[in-house]
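S.K.: We have chain U; now place chains C, H and V onto it with these hints.
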Amino acid sequence: MSYTFIVIIMGIIMLVMAFTAIYHKNLKVAVIASGIISLFASVIYIFLAAPDVAITEAAIGSALTVVIFFYVLNKIRLTDDTK
Amino acid sequence: MVNPVFIIVVLLGAGFLLGLFRKTGISLARVAGLLALAFPLYVSVGWMLHFIGQTAQPYVVYTAGTVPPFSINLRMGPDEAFLTAAINMLGFFGFIYLFRLFKSQGVSTIILYLVLFMGLNVIVMTRDIFNLFVFLEIASIALIGLVLVNKGIDALSAGFKYLIAVSVISSILLVGIGFIYYYSGTLNIDGFIENNSLVMKGLSTAVFLVLVAVVLELKAFPANGWALDVYQSAHPGISALISAGTATASLFVLYKLLPFGGHLWLQVAAVIGLVTFVGSNMLGIAQKNANRLLGYSSVGQIGLLVAVIGFSDDLGSHLRMIFFGLFISHFLSKAGLFWLSGMAGEEEISKWSVLRKKPALLLIFGMFVFSLIGFPPFPSFYGKWQLVMDLSGNGQILWIALILLGTMFEGVYLFRWLGFAIKHEVDESKAPDTAAEKMIPAGAFALLLLGASWVSNAYFPGAMKTSFLPLYFILFLFLIDFLPLVIKNTLSILSLGYYGWRLYPSIQDDTLRLVFAGIFLIGGMLTLFAGYSEKGKRPGFYPFALMMYAGLIGLVEADNLFGFFFAWELMTMGSYILIIRGKKSLVHAYNYMLFSLGGALLILFGIALTVAGQPDISLSMLASPAYPGWAYALLAVGFLTKTAALGLHIWLPGAHAEAESDVSPMVSGILLKAGAFGLVILFLAMGGGEAGRHPLLYALGWLGALTALGGNLMAVFQEDAKRLLAYSSVGNLGYILFAFSFMTHIGWLTGLTYSINHFLFKTLLFLAIGGVVMRVKTHNMYEMGGLIKRMPWSFIAVLVGIITLAGIPPLSGFAGKWLFYNAVIAKGWFLQGALVFFAGTIAFLYCFKLIYSVFLGQEKDRFRKVKEAPVWYIIPQFILIVGIMIFSARPEIVLKPIGALLSQAAFFPSEPLAWENVTAYTNLGYWSGFNIMLVIGAMFVVLLGWLLLMSRKAQKVKQFNIVYAGEAPFTPETTHFSHNMFAPYNKALGFLIHPVATQFWLGVNNTFHALAESARKIYSGNGQSYIIHIVAYIVVVYLILS
Amino acid sequence: MELATKTGFVLLGLFIILNWGLIMAGIIRKIIARASMRRGISVFQPYINLIKNYSIRSQLTHGVMFYLGPVFRLSGGVGIFLFMPLIHDSEIWSNFSFAGDLILIAYFMFFGMLGMALGAGEGGHPYSAIGISRGLAQFTAIEVPLTLAILSIAFQYNTLSISEIVARQQGGILNWTLFTNPLATIAAMISFLGAMGHAPFNVVMAPQENPIGPPTEYHGTFLGVLQTNRAILHVIESVLFMNLFFGGASNWFELIVKTFFIYFWSVFVGMVFPRFRVDQSIPWLLKIPVLIGILSIVFILL
Amino acid sequence: MNLPGIEYLSLGLGIVLFLAGLWGIIHQKNIIKIIISFSVLDTSIHLILVSIGYMRNRTAPIIDSAVSKTDAASQVVDPLPQALVLTAIVIGVGITALMLTYALKLFNEKGTLEIDKFKSLKW
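Residue numbers (the numbering used here), protein chains in the order written: chain U, 6 to 88; chain C, 273 to 1314; chain H, 152 to 453; chain V, 84 to 206.
None of the hints are false.
When the alpha-carbon atoms are kept at most 27 angstroms apart in a straight line, the in silico BS3-like pairs for lysine-lysine are as follows:
| no. | chain 1 | residue 1 | chain 2 | residue 2 |
| --- | --- | --- | --- | --- |
| 1 | U | Lys-80 | V | Lys-202 |
| 2 | C | Lys-423 | V | Lys-188 |
| 3 | C | Lys-807 | C | Lys-629 |
| 4 | U | Lys-30 | V | Lys-202 |
| 5 | C | Lys-423 | V | Lys-112 |
Please keep in mind that the hints were generated in silico from the structure rather than gathered at the bench.
Just so we're clear, the structure is a prediction, and the values are computed from it rather than from any experiment.
For reference, chain U alone in the conformation it holds in the complex (with noise of 0.2 angstroms):
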């Protein structure tokens, strides 16, 4: 039963988050809360009984995802100086 409250409350977490990847005006932030969409997945696929799946959902889904997101925004600013 507690995994359950816990599941609900970071499935809330999860859809704000992305409310705030898909509305917020800021890219960065909506980058990174895409990135903890894909965190918080992770710890549900433990209690899921996947861990692997949650090992790599953190490391690549999470992490290097947003790595690369931020590798080419950066990439963008620096070609565009008014932003």
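M.R.: Quick look at chains C, H and V alone, frame taken from chain U:
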């Protein structure tokens, strides 16, 4: 046989190894890549050959040393072998095509290329659904990477849209796969199909997600804007891979997965496929960009193939054959067309005339286009035939209609394009890119297409009876096209003669066929004769002329419906190319082709409704069609497009008038009889006596009468000599239609007499006028005049021609008129008869105009030095005149056997025409061609002698020695009364020739163009709206299904 | 019958017809003159014209077709005569009618017309061509009611043989087609007006517009030939209508009387009615007479 | 209170996130935002797959001291969906990376990331 898993090993290994190369090693890398691609080709072709030789069993590779569901397995069966062979063929030649490009792109592009083809191979072979997903993704990523080969914003934005769309689709696929596993506990395709014959509720949603994703992957209309952009903007070499390669793999995925959905999904696939086929091709009508147009066509063709898979229950054991035919044509042609697009280097289809600088390219282009539409001998012809036959056998009439409609739309744009390539103005500054690495793939695929045609011919059950001798000769003519004209012309004439000699014993008892064979073969030889006067080599003329004649004679020879239709299409193809050779023929040939194509499709439809899946396809099947009413009506209308009945005639005047001088008699005097022969076959099958009261025949009778009137009336007001003759052909074919629809003994005699006469005099007139036009370089009659002094022989020919045409005794035209009256009175069709008679007198008007304006009246200054028409034109004319004379004096030689044939029990035994020596008797009257000839001849000679005696001192005067208001006119132009000669007639009856038909067809054309123009606005270019299309498509399909 | 004898009778018949044609032309012109309060020419004026024309010495020709035109024209006239049975039930006066029937004659009319058109066409004078184009145009419309009438009576008598049609009308005046099929007769007789070239259908040879058409270009012997033809043609076409609608003739006297009245009908109408332009005459012919012709067929079918 | 099992919760969460991601793809005009939305969508699919592979009261498919080899079949959850998800994650990253590459190139070409500006090809 090499284990197929090595395909993956080699491609993947090569990909990794190539990663070690630097920029400097690019040359080596390219060779290595090519070798790496040659290996899978070798493997899969080897498997395919073994399967064909039946020396191999389907082979399954188990990975991880266990059997499914605990491992992934690959299968190499006949289907897989064939498809991987095709894909690897594409991979190999596609690589060659991009060979130079790779040099500038670097090693990474080569790696992407290898990965793409590894992915495609696995997609075909794998039996694991998740594995399938993975490799679909891998192939997509590789492909999208390859799109980047083309620099520039277009390719980039298109690639991005494609990427987003594919990602969304594969997400759906993945969710579906997850649910499938959840409900069924297996990812193995075979295992799933075995265990889950009963579809559960939840499972059906899972299956829905998987299948709808696969369908979307196949670019279902209208959720396919994302794919079109890539087709348009990617490098043509890459577009070829998408159109031929990934689509092939995806099709096979659908084929593998469709059993998941059971019967319901088969129907869904059929509907989706056909909607795609029709919709995409319709939107193509308004498209002018070559690559995007190919995209539309590609989407449409894939839709058709999806539909074929959806029909698999109906097609049964024919499924593979049909699929092969349609698939291989699409595969080879589409890849080839994209490659050609890269070579032409032109985006606007109207600029493809640049191909003309390399005739070989033009030839290949034409092959691909005809193959896409489904002309013989290309495989798609067989596929489409069998598909339509089988569908009709299962009562799927509506589907047939949609397939034919889609084909028609496709023809609209493909033939416009082909026409541009053959005929549009050339921009001299440009030339096609004919580098060897581009020529090799295109040429190889053209050859493969020929090979596939040969295979289709060899293995198609009905094709055995079709004679291929003419086709081989045509091929031979292509090969010797570089030789001088004299040799080719002589060979062509001899071949027709030889063929006739060879054919004669088999048809000598069948007078009906003999007559038409005579018209086609003798007419062919005579008209080819005129070709000797041409200068230069006349490249490309003879193969197509012979193709037309092969088709014509094939019609006569055919003893089954397949052979008949085969010949019909062959004839259409040849004649189209002949017609488009004329200087201003672009539009007219296009119109001709569209009407011919429409007519051919209707004929196909009619045959399908006749045969309805029965194994017997002999001509006698027409006697008892499965759906008599529709079959007869469709066949009749199909044949009427060729005879140019009123309403379907608008293509004829331009096509016949603008054709070359010696082509006009071919297409007008001879080709039109094909339609007449079709009607003969059709009406005969409808049976004698009883069928004479068929309402269709009554309608056709009226149509014939109105055509006769309309055609002749329009001829009267022409200023263009050849156009006048062309309209006259419309009218004369109206007579023939009218006479045949009597369905009586004398009616048929009339029709056949008209047919023979029309052949004789129209060939004669077109040859004569053609000779004149060659000399004076204009078609306008009012610009000519007084040519009798320059061209006396042509004048005599025209005189004989018009006397025959007008039906004045003693020449043979009167035979037709006399029979006609007897038939009308016996049948009781007085009103129609009077109408046709009126048309006959009108014919007299244009006959006079023709001979007067051209040969009499005032000679013009600029034509005072023209010579007589070439002797090669005069000789056949006089042979024809001899023919007319013989037929006039001794009509019984021809008519008696025909009458005897018609009297046979099967046809029209009643009210025969009796012959007593040279006099024909009916129960109404009598007529003796020979006596009339004798009496009139004797009288004419006597009277001429009398006049000669009385006016022996007659003095010849000069041109302007006429009484002309007190002074001599200054110029011939002011004294030549020709332009708008029948002005009062126009004032009185001109309203009858209001161009209703032209406006109608123009309206149809505009409507479809406007429809296509507005409908294609859904492809707004906005990537997000494409995603919305995808989502909406899923929702709509789901709602319809539930 | 032997060919020589046959030919002899045919020539004799032709001679009679020619003379009757010339005399009739003279009489008619006299009547017209008197009706217009003129004294008129001599009844034998056509003979005088003919002789004069044949004996004119200077002859000009514009070319081969110009030369052959009159031959065609006369062949047309003589040809119709040759294929026409003249006297009912008389083998010697049936000419060569065994070679063909009504349809042959209907179509042979074109022969002369074509020849004339071509000959005049080569004459080089635009007015000739204008007259011919008008004439042909009008002729197409004239033929329609005639065709309907022919179809009607062919169906009525179930034959196309002229001799047979005549035979079926024997035995009293009420057996004539005139009474058994009056509508067909009316339609045909309207066509006859056109064929004879009198008003209202004679704009084709309108003298004031066309003073120098064929009659002027053709002079001397050529004109003589044409006049010969005209004399034959008028009679023989009257004979055709006599055979079809007025019971034929059982002797020469009957033939002469009947052809006179039939021909006079066209002259009479021409005196009374004004002239149509071509673009007026065509619609007119295609309306009322065609309607009558159709009605005649409908009645026969009923 | 009888709460639904966590697998249903996470499944529902996954579906909602899926729709949210789809909405973002359709609705957002900025290309980077579209890619972010796609990454949300991607994550949601993983969530869905893992949750439908879950079996209640079973443990992770790792054979150690807690789960003996012989009882594994009845005690652990099905490992296959998890293996699938592992693959899918890797593929998802690959695609995201490719999308970003495209985004970068598009930006370099035209200096903007508004997807509405890339409509040169149409009809």
